[in-house]
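Undergrad: Chains as they are written, first to last, in our numbering: chain B, 1 to 244; chain D, 1 to 190.
Watch out, some of these pointers could steer you wrong.
[To be verified] Derived Cβ-Cβ restraints for the label pairs, each shown as a range:
#1 D/Val-147 - B/Glu-24: 16 to 26 angstroms
#2 B/Asn-140 - D/Glu-144: 36 to 46 angstroms
#3 B/Gln-41 - D/Ser-54: 28 to 38 angstroms
#4 D/Asp-19 - B/Val-196: 54 to 64 angstroms
#5 D/Arg-57 - B/Asp-193: 45 to 55 angstroms
#6 D/Ser-135 - B/Gly-212: 38 to 48 angstroms
#7 D/Ser-159 - B/Gln-209: 35 to 45 angstroms
#8 B/Cys-44 - D/Glu-144: 26 to 36 angstroms
Source of the hints: derived by calculation from the structure; they are not laboratory data.
Note that the coordinates shown come from a computational prediction; the quantities given were computed from them, not determined experimentally.
Every residue, glycine too, gets a C-beta built ideally from N, C-alpha and C.
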Amino acid sequence: MRHEDFNYSDEILNAYLDDELASEERKQLIEDMRVDNGLRQRVCRLEQVRNIVSMAYQDIPEPRHGQHIIKRRFASYSNLAASILVVVGIIGGWFGHAYLQKDTGLVEMAESVQLNTPVDEARLWKVLLHVTSDDPYRLNVLLDETERVLREYRTKQQKVSIQILANGKGLNLLRNDTSPYGQRIAELQSNYDNLVFTACAKAMARVKQKTGKDVQLLPDTQVAPSALSEVLNRQKEGWTYIKI
Amino acid sequence: MNLFEKICLHRALKQRIADNHKRLYRTAYSWGHDPDLAADLAQEAIAKALTRVSQLREAKKLDSWLFGILINCWRDHFRKQRDTVDIDDVELQHDDTPEKLKQTQDMVDSVRRSITRLPEGQRQVVTLVNLEGFSYAEVAEILEIPVGTVMSRLSRARSTLADYLLTYKTNQDVNPGKIESGRPKLRRIK
Numbered sequence: 001m002r003h004e005d006f007n008y009s010d011e012i013l014n015a016y017l018d019d020e021l022a023s024e025e026r027k028q029l030i031e032d033m034r035v036d037n038g039l040r041q042r043v044c045r046l047e048q049v050r051n052i053v054s055m056a057y058q059d060i061p062e063p064r065h066g067q068h069i070i071k072r073r074f075a076s077y078s079n080l081a082a083s084i085l086v087v088v089g090i091i092g093g094w095f096g097h098a099y100l101q102k103d104t105g106l107v108e109m110a111e112s113v114q115l116n117t118p119v120d121e122a123r124l125w126k127v128l129l130h131v132t133s134d135d136p137y138r139l140n141v142l143l144d145e146t147e148r149v150l151r152e153y154r155t156k157q158q159k160v161s162i163q164i165l166a167n168g169k170g171l172n173l174l175r176n177d178t179s180p181y182g183q184r185i186a187e188l189q190s191n192y193d194n195l196v197f198t199a200c201a202k203a204m205a206r207v208k209q210k211t212g213k214d215v216q217l218l219p220d221t222q223v224a225p226s227a228l229s230e231v232l233n234r235q236k237e238g239w240t241y242i243k244i
Numbered sequence: 001m002n003l004f005e006k007i008c009l010h011r012a013l014k015q016r017i018a019d020n021h022k023r024l025y026r027t028a029y030s031w032g033h034d035p036d037l038a039a040d041l042a043q044e045a046i047a048k049a050l051t052r053v054s055q056l057r058e059a060k061k062l063d064s065w066l067f068g069i070l071i072n073c074w075r076d077h078f079r080k081q082r083d084t085v086d087i088d089d090v091e092l093q094h095d096d097t098p099e100k101l102k103q104t105q106d107m108v109d110s111v112r113r114s115i116t117r118l119p120e121g122q123r124q125v126v127t128l129v130n131l132e133g134f135s136y137a138e139v140a141e142i143l144e145i146p147v148g149t150v151m152s153r154l155s156r157a158r159s160t161l162a163d164y165l166l167t168y169k170t171n172q173d174v175n176p177g178k179i180e181s182g183r184p185k186l187r188r189i190k
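Given only the sequences and the hints, what does the whole structure look like? Please build it.
TA: Written as C-alpha cells, this is what we have:
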C-alpha cells in the first residue's frame with residue numbers, strides 16, 4: 001500500500017518498528033525512507049524512544065519488603081508448578097495411604113495433590129492440608145479425616161505431622177466469630193500436638209479491609225505471611241500437599 | 001487426548017506459567033513503579049493462572065492469557081484501593097549507582113517518570129509492546145480493546161515520550177515536575 005506524499009501516520013511508523021507491517025508495506029516504507037530525510041528522522045525519533053524505554057526496565061528493583069520471601073517463592077514456583085498435578089477425578093490412588101482411601105471423600109474432593117515423600121513407615125510423614133472453602137461438607141470431611149489419620153498413626157506408633165492451612169473462604173474455619181468448629185478444633189489441638197492450624201495473613205487483611213474489623217482467630221492458631229509462600233516453603237521441605 | 005497427555009500438558013503449562021514470573025513482575029512494575037505492589041500482582045496472577053490453567057483453551061495463547069490475568073489483578077487492585085498519591089511522591093528505587101553510570105541512571109529515572117505520567121491505557125500498551133514484545137493483536141486481546149486503539153495509544157504514548165525524553169537528551173537536564181508546570185498537579189490512582 002502506497003502512502004501518498006510519504007504521509008505516513010505515526011501509527012504506521014510504529015507498526016513498522018514493531019514489525020507489524022505486511023512485507024509489501026514494509027518494503028515500500030523502507031524505500032520511501034531512502035529518499036525522504038524527514039520521514040527517516042521521524043522513524044529514528046520513534047525508534048530512539050522505543051530503545052530507551054526498553055533500556056529503562058532492563059534492571060528493575062526487587063520488592064522492598066519481604067524480599068527474601070519473594071525470592072524464595074520465585075525459586076520454588078518451577079518446582080511447585082512441575083509437581084502439582086492431579087485434578088479431581090483423575091487421582092488414581094493414594095500410594096499406599098489407605099487411611100485416606102476408604103469411604104472418605106477427602107482425596108476425591110481434593111483439587112490437587114502433590115506427594116513429595118516416599119512412603120516409608122519409619123519416617124515422619126508431613127502433610128499440608130490447604131483449605132480454601134467454607135463448605136460445611138468439605139470442612140467436616142477435612143476434620144474427620146485429619147482426626148482419623150492422627151488416631152491411626154498414633155495407634156500404629158507411626159509419625160505424622162499435619163498442618164491445616166486456611167485462606168480465602170477457608171479462613172472461616174479458623175475465625176473465632178464464624179467457625180462452628182471452635183470446640184472441635186480445640187479438642188483436636190489438645191489431643192494431638194502434631195496438628196497445627198495456620199491462617200493466611202493476607203486473607204485476614206482482606207477480611208479486615210472488607211469488614212473494617214480485625215480478624216479474631218481461634219486460640220493457638222498460627223499465622224503465615226501468605227498462604228502461597230507457606231505452601232511453597234512446605235513443598236520445599238518435602239511436605240505432602242493436598243488442596244481441599 | 002488421553003489422560004496421560006492431559007496431565008503432561010497441564011504440567012508443561014504450569015511450568016510455563018511459573019517461568020513467566022519475571023516478565024509479569026517487570027510489567028507490573030512498569031505500570032505502577034512500586035516493587036512491592038508489582039511483586040504482589042505478579043504472585044497473584046501466577047496463583048490465579050495455576051488454578052485456572054484448565055480454562056486455557058489454546059496453549060499457544062498462554063502468554064496473552066496470563067497477562068490478561070495480570071491486567072485483571074491490576075484493575076481489581078484499583079477497585080479496592082481508591083486512594084491517590086501525588087505523582088511527585090513516587091520514588092524510584094535505585095541503589096548505589098556508580099558515578100560513571102550516573103548519566104545512564106538519570107536517563108533511566110527520567111524514562112520511568114515519564115512512563116508514570118502517561119495515561120494508564122497508554123502506559124499499559126507501550127510496556128506490553130515495548131518490554132514484553134507482544135504483538136498488537138495480543139495486546140488487544142489482553143486489554144480487551146480493538147487493535148486500532150492499541151495502535152493509537154501506542155502512537156500517542158511514544159510521541160509524548162519523545163517530547164519528554166528527546167528534549168531531555170538535548171538539554172541533559174530534565175525535571176519532569178517542571179514539564180507539567182502551569183498545569184494542574186497530576187495525580188494517579190495508586
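Undergrad: Would you list, in rising numerical order, the hints stated earlier that this structure does not obey?
TA: 3 and 4
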